[in-house]
Every structure is written in C-alpha cells, then in structure tokens.
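Number of protein chains: 2
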Amino acid sequence: MEKQVIKVGLMGLGTVGTGVVRIIEGHQEDLLKQTGLPIQVEKILVRNKDKNRSIDVPIEKLTTDANEILDSPEIDVVIEVMGGIHPAKEYILTALEKGKHIVTANKDLMALYGDEILSLAKKNHCDVFYEASVAGGIPILRALSESFSSDRITKIMGIVNGTTNFILSKMSQEGADYHEVLAEAQALGYAEADPTSDVEGLDAARKMVILSTLGFHIPIKLEEVSVRGISQVTKEDITYAKNLGYEMKLLGLAEQNGEGIEVSVEPTLVHKSHPLASVNGVYNAVYVHGQAVGETMFYGPGAGELPTATVVVSDLVTVVKNMKLQVNGLGIASSYNEKKLKSDDQRFSKYFLRMIVPDQPGVFTQISQILAENEISLATILQQPKSKEKKAEIIITTHRASKQSFTMALAQMEKMEIVSEIKSYYRIEGGETE
Amino acid sequence: MEKQVIKVGLMGLGTVGTGVVRIIEGHQEDLLKQTGLPIQVEKILVRNKDKNRSIDVPIEKLTTDANEILDSPEIDVVIEVMGGIHPAKEYILTALEKGKHIVTANKDLMALYGDEILSLAKKNHCDVFYEASVAGGIPILRALSESFSSDRITKIMGIVNGTTNFILSKMSQEGADYHEVLAEAQALGYAEADPTSDVEGLDAARKMVILSTLGFHIPIKLEEVSVRGISQVTKEDITYAKNLGYEMKLLGLAEQNGEGIEVSVEPTLVHKSHPLASVNGVYNAVYVHGQAVGETMFYGPGAGELPTATVVVSDLVTVVKNMKLQVNGLGIASSYNEKKLKSDDQRFSKYFLRMIVPDQPGVFTQISQILAENEISLATILQQPKSKEKKAEIIITTHRASKQSFTMALAQMEKMEIVSEIKSYYRIEGGETE
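Heads up: the sequence lines are chains A and B, in that order.
Under this note's numbering, think of the first position of the first sequence as 98, with each following residue one higher.
Under this note's numbering, think of the first position of the second sequence as 98, with each following residue one higher.
Here chain A stands alone, though its shape is the one from the complex (with noise of 0.2 Å):
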C-alpha cells in the first residue's frame, strides 16, 4: 500500500518539539518536494493539555495518554523529544515492536540503552536516528557513519557540552571566579538549577559514549568513560593555562590505537594552535581524526529550539526516504569491533600540575626527582615566590606520560612533607612538545 502522507507522532512539546512541528508546518513545500509525501504531526503528547504555550496547536492533536500514539496504526514514525530515561524507553520500544520509526533527541536514553533500541530496530526493520542526541545542530553522528565509513576513526575530541564551554570561556574570557559564572549561566538559562549533570560532566560523558560507539564500531559503555566535571576549576588555574598558551576546555576525548581504546571527560589545557581551542560559549565542536582524513572538525550550536529541531526533521526526512526505499533499518551498523579498554599505564598524555611549597632550598629538587622516579619527564617549569606567606608555587607541564605514572608521583608527592598542597592537575591536548 502506497503512503498518501506521513503521519507522525510527536513526544513531547517542549522547546525542541515545538520547534519540530514549526519546521514541519512551515516548510511543507520543501519536504514534500525532498520526499515526495506531505508529512503531518497527527498526535502530541504532553503533561498537560491546557498549558499556555508559546504555539498554537488544534487542542485535539495534544493527548496526555502515549498509547494514542502508540497504538493508532496510522503514525508512522514517533519522534520522542520528551527526555528522561523512563517512560521515554518504554514507548520507543513500544513503538518499534509495532513497526514504528523512531526520531529521538535523547541522549540519556541513547547512551544507556543505545544497544538494545537498535538491536530491537534493525530486528523490526525499523530506523532508529538519534542526531539530535549529541551538539543540537551538527550533523556529526552522519558524518561518522557516512562520511568517514571507510576511514579508520582513531580520535574523536568533542566540546559537546554547551553550558560548561560557557562557563569556562566566562571564566577565561573575563578572569572571572566558577560560581560567579555559574550563576550567571543560571540566570540566563544556559545553566540548570541543579547543574550537576553539566558541571560534573555527565552529560559530556552520555555524548561521548553516543559518539565513540558510533565511531569506533564498539559499545561502550558509561560506566567505560573516566568522568571529571569543572567545578574544581580555579580563574588562577585558567590565567597559567592561558600564560603557557592554552585554553581550559572541558574535553571529551576518545581515542584507540593497537592497545586498546580509552573514552574520558575531563577539564583539559587545548592549546591555542587547536581549532578546538577557540570554541567559545555555548558553541559545540568535534574534532575528528581518521588515519586517512586527518584532522577534521565540525562547530555549530550545541542546543537550541530551531538548531536541534532541524537536525530532528532532517532526520525525519532520511526516515521518509527510508521508508520509499523500503530499507529502514538496514543502516543500523552493528559494532563489530572488539572492545579492549585500555589501562592506566597505556594511556599517555602531558600533564600541567600546580602546587604549593615552602620557599626554601631543595624542594624542587626532590619534586623533579619523584617525577624521574616515575618516568615522566618535565616540559616547562615555572616556580615563584607567594610573598606573604613564605611559600613558592610550581607550575609544571609533563612531556607525555602515563596515566598510571602520573597518578603515582601524585600520591607520592601528596604525602611529602615539603609540598603543601597539590593545587590542581590537568591533561594538555595539542602544541608542539609530545
């Protein structure tokens, strides 16, 4: 049976639904003319029907009951931007076990459950497409799995959180102080009452677990990802980083080579000659290295009413196609390479430290003697005097070293006598010194 139109079954009427359906009423012509089939918002789910709203919908397309989506056999494909891990999983997987595509913002859901939604998809012959889940208006999970699907990903960097970057390009921008910022972000909304996911980097952590799977051809797990949010980070921290020439960016990094593969988050000094480094506000950015491309990134709008929006429609539109082909769900990739994590003493990076010690002779001598003892070898030093109370701060940077290296001349250092406090540590990404 031929499909006369596209009914689809909208989840959601937030920010992001509301721009889905501004997009698809008002750009009916170009869709029709992309897919040859008007398509339609037949159904809404929201909480609540009466709620002012800043759209006009005809009041009997709202439904606050899912299964009017669910179960009328005329939605074709549900577009969920509802959020949330439950009921959100629990209605997509309702709606592919009855046939239904699937156009999903979700991230949470993606991250944590991405392997059984697409094994349930390819198995119903069901598209599953989920752009919109990581950096709003980039069409960077596309590029992966098209673009470079005869390269050989071995790095995916990515400021993929939008409320962090502001914060952090605040902070050095201005020389201001994290909660001062932080409130800010609140008042002007980029920044929750509870900013824990953001600031803590979960949230950068769900979007790097959506794109190493895809990139790497493994399932990684949350759980995989070593997390560090920002909220340690100092303005002082941000003025040496930006002296020894690098920016504070809160990086998600994830990389494989022979050993294995290694996914963290965590606040990173990208050094300024890094197209990453000038991202600024609530800008997103991946930064792709594929051994036959090299280096490749792709900015534009980490969130956003009309920027996630569109990136939704677009995939509505690949859905719409899919369906006149008759090939839904036959792009689901399954990951067919071997997950090997890899350990702490096979991940290498360079290293900044900063710390506090009494101001006196042979302290640093014993410090540089703890680092040689763990292998790492020093890049650039810089001690001063802190006048007042008699005590010297060292800024470091380490050539690279590894992980478990680091970590060791860390804890030994935490536990002599002549250093005061270990101030703050951080991985360096990009510059000349390896």
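Hints listed in this document are in silico derivations from the structure and should not be mistaken for laboratory results.
Mixed in with the good hints there might be a few duds.
The list cannot tell twin chains apart, which means a pair is met if one copy fits it or any two copies do.
Quick list of in silico lysine to aspartate or glutamate cross-link-like pairs, EDC-like style, CA-CA up to 16 Å [as the list claims (entries may be wrong)]:
1) K369 - E187
2) K148 - D441
3) K130 - E435
4) K487 - D456
5) K487 - E333
6) K130 - E243
7) K488 - E518
As the structure is a computational prediction, the values presented were derived from the model and not from experiment.
Using the hints, position chain B against chain A.
For chain B alone, coordinates are given in the frame of chain A:
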C-alpha cells in the same frame, strides 16, 4: 541478477587515484562489512603503463584505452580522478549512457557541466557523487544535501583554496611579502608553477559554484560569480587588517535573501572572533548559516592523497549501498528555486579602504563628503603621516554599504586631485559593527 562483487574502473592514477587504490585494497574487510559486497578495482586508465609509481599495481590492470573501462559490462562504477574538462567530460557522459555510476573529484567539470552530467545521470538512474570536488576531506556536500535538507540555507562562506590560504596565513604570521611566500609555496608543492587558477580565485570560484548550487537549489553559473584574487594583497594591508582585529582570507561568499542571491570570491577581512579567521595554512573550512540551525562550520584538509581518496571511497560506498537498494539516481536533487541575482545596489557589505593623500588640511573633509554623498557611513578612521613624502595614509572601515555606492565612491575618489593613490579596498566580514 545479484552482484557477487562490485567492479570499479578508475580513471587516473595520480595522488588521489593512488590513495583510492590503497584504501580499497587496504580496507577490504571494512568495505565488505559496510556494503555486504567485496569491491575491486578492475581497470585503471593511465597515460603511460610503464611509468614508475609509488604503488604496486599488476600491469594487466593498467590500460591507456578508456574504452576498456567504458565498454566493459562488468564495471559498475567509474571513479574519475584524472582532472581537466576533456576528455573527462566525454568519458563520464559515455559511462552514464552505459548505466555506470560515477564518483568524481573533478571540480572544474562539476562547476562547468554539473547540470548536464546530473541530468543525464538522473535520466539513466545512475548516481553521480562528487564530494571530493570541494574541500577535499570535508564532507560538506553531504551535510548540505542531507543534514540541512529541512533548513533554508542563507549564507555559505568558504575558505576553499588551500594554496591561497597557505600564502595569506604565512604573510600574516611572518609579515612576509606575497611573492616571497608564493615562491615558498611553489617550492613546497602547495602552489603550481603557474599559480593563476589558485591565486586569482578561479579554483575557489568553481567550488563556490558547486556549494551554492547545492545549498540554494539554484543552478549557479561560473560567470555569475564575481571573482578577485589575492595577487594584489600586500603585507601592509594584512598588517593594517590585523591591527583592526581582522585576518585576511580569500573568502568565497554565497548569500541569499528575499531580494536574490550573490556569489563572490575575494580577499576579505574576517574578524578574529569569527571561526573562519583561525583557519590557517592549507586547511579548508566551510561556514554555513541556516535559518534554523544558525551558525555551523566544517573544517578539514582541503586536499591531499588520503583525505581526498577517503571521501571518494565513502562516495563509492554510498553508490554500492544504493545499488543494493536499487535507488541509484533518485537522490539527485533538481534545482527547484528560481534564480534571481542581486544587482550591485542589493549587495551590502562593510568595507576596508586604504589610500594615500597629501598631508594637508581639508583632505579628509573632502573624502568623507564623497562617502557621505554615496550613503556610506564610517566605522573607523586612521590617518597617519608618511613623513618622507609629505603624504598621509588614510585607512577607513565603513558600516554596511551597497557595492554600487562603494564602487561609485571609489571611482569619484580616484578622479580627485587630493587622492594620490587608492592603495587597496576589501570587503569585511564578521565583527560587531554592522
């Protein structure tokens, strides 16, 4: 009849062709996983079978006769990486007549005859993919045709020529002279012995034809692109630009609004806060502004054996997938929007203007009067004496003015006695002053 293996005819075994052979041979397993079919390079068209090559190819695969590829019923896909218009065009048209799919990296051909080639392909249910023709390793054509398919693209700006970007970056970073750096670029192989096509902007113009045709759904002709190269750019211009907060870039610009479209390639002052300003060396970047998605940018290597070859092979993978789905040629979009080119009084830009005048009272009054009469308002003014010659140098930046007004004012100033010399003028892109 189900295909057991996909046989490819390769036309050209230069750097890109060599890369294609390497990737196809080196990634057999990956390609098989992605397409379900083994892919094999069956014949390679070369000029000289006995030439020494950096790659080992069995001599029986080489041919100097294009018909061995075109007439072979076994060959499903022709990859054209020989370059040039003739005979590449004839080969491609013949291949399409015979139902073979095309992957090409040939920007000259696609810029000049893209319409003819794509129409024939559509008619014959053949694919033509040409991602590698613009910005080597950057999957920008796929992004425009798929990811932003539901958006309305309003602006495309590109640094799409690596040679000129290398030259301008070097001039900016080292304060070096144009001719000096051009010679260095030639020595490094980044510029050809006859660099005209690159430095005069023709290469960039061809790429902008391809980008704007696809992005705006309007067939743009090469002669509709206004083009100015970089051979007149001096190190003084670059220094002044930097002091004002700009980087000099050879910028391709394609813009559309309610009044019409404009496409140009010219040296442009790009504000340092704009993501394009930090694209240096032989890297390319394409900035896309969509009504919904907002600002996005795609960054990557503009050329090179492996980046370009990777993109060629990913186009090949798409062709093979389409063959399995029997949907070849269906994805070729017709240009459905009406073409209306903006006239010069509809093209607005900020401008930079540098001139030499006698160092005497009243000069600036006369110049500012001419600008005012042409409805051009000043943003910044710098006047400084050139002591040796009793002359002064005036550097002006303007707010947005029409190209017609600016051209008129320029012509009037050139006739003025008090203007000794108009040194240079450039468009300005980015920055806050509008």
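Quick rundown of the hints versus the structure:
With identical chains, the CA atoms of K369 and E187 are never at most 16 Å apart, being 45 Å at best within one copy and 48 Å at best between copies. For a Cα distance limit of 16 Å, the shortest separation of K148 from D441 qualifies neither inside one copy, at 52 Å, nor across copies, at 49 Å. Proximity of K130 and E435 under a CA criterion of 16 Å is satisfied inter-copy only: 14 Å between copies versus 42 Å inside one chain copy. Taking identical chains as interchangeable, the C-alpha atoms of K487 and D456 lie at most 16 Å apart only when both belong to the same chain, with a minimum of 6 Å there against 59 Å between chains.
In the homo-oligomer, the alpha carbons of K487 and E333 never lie at most 16 Å apart, since the shortest distance is 19 Å inside one protomer and 50 Å across protomers. Proximity of K130 and E243 under a CA criterion of 16 Å is satisfied inter-copy only: 13 Å between copies versus 23 Å inside one chain copy. For the identical chains of this complex, K488 and E518 are intra-copy neighbours only, at 11 Å inside a copy versus 62 Å across copies, given an alpha-carbon limit of 16 Å.
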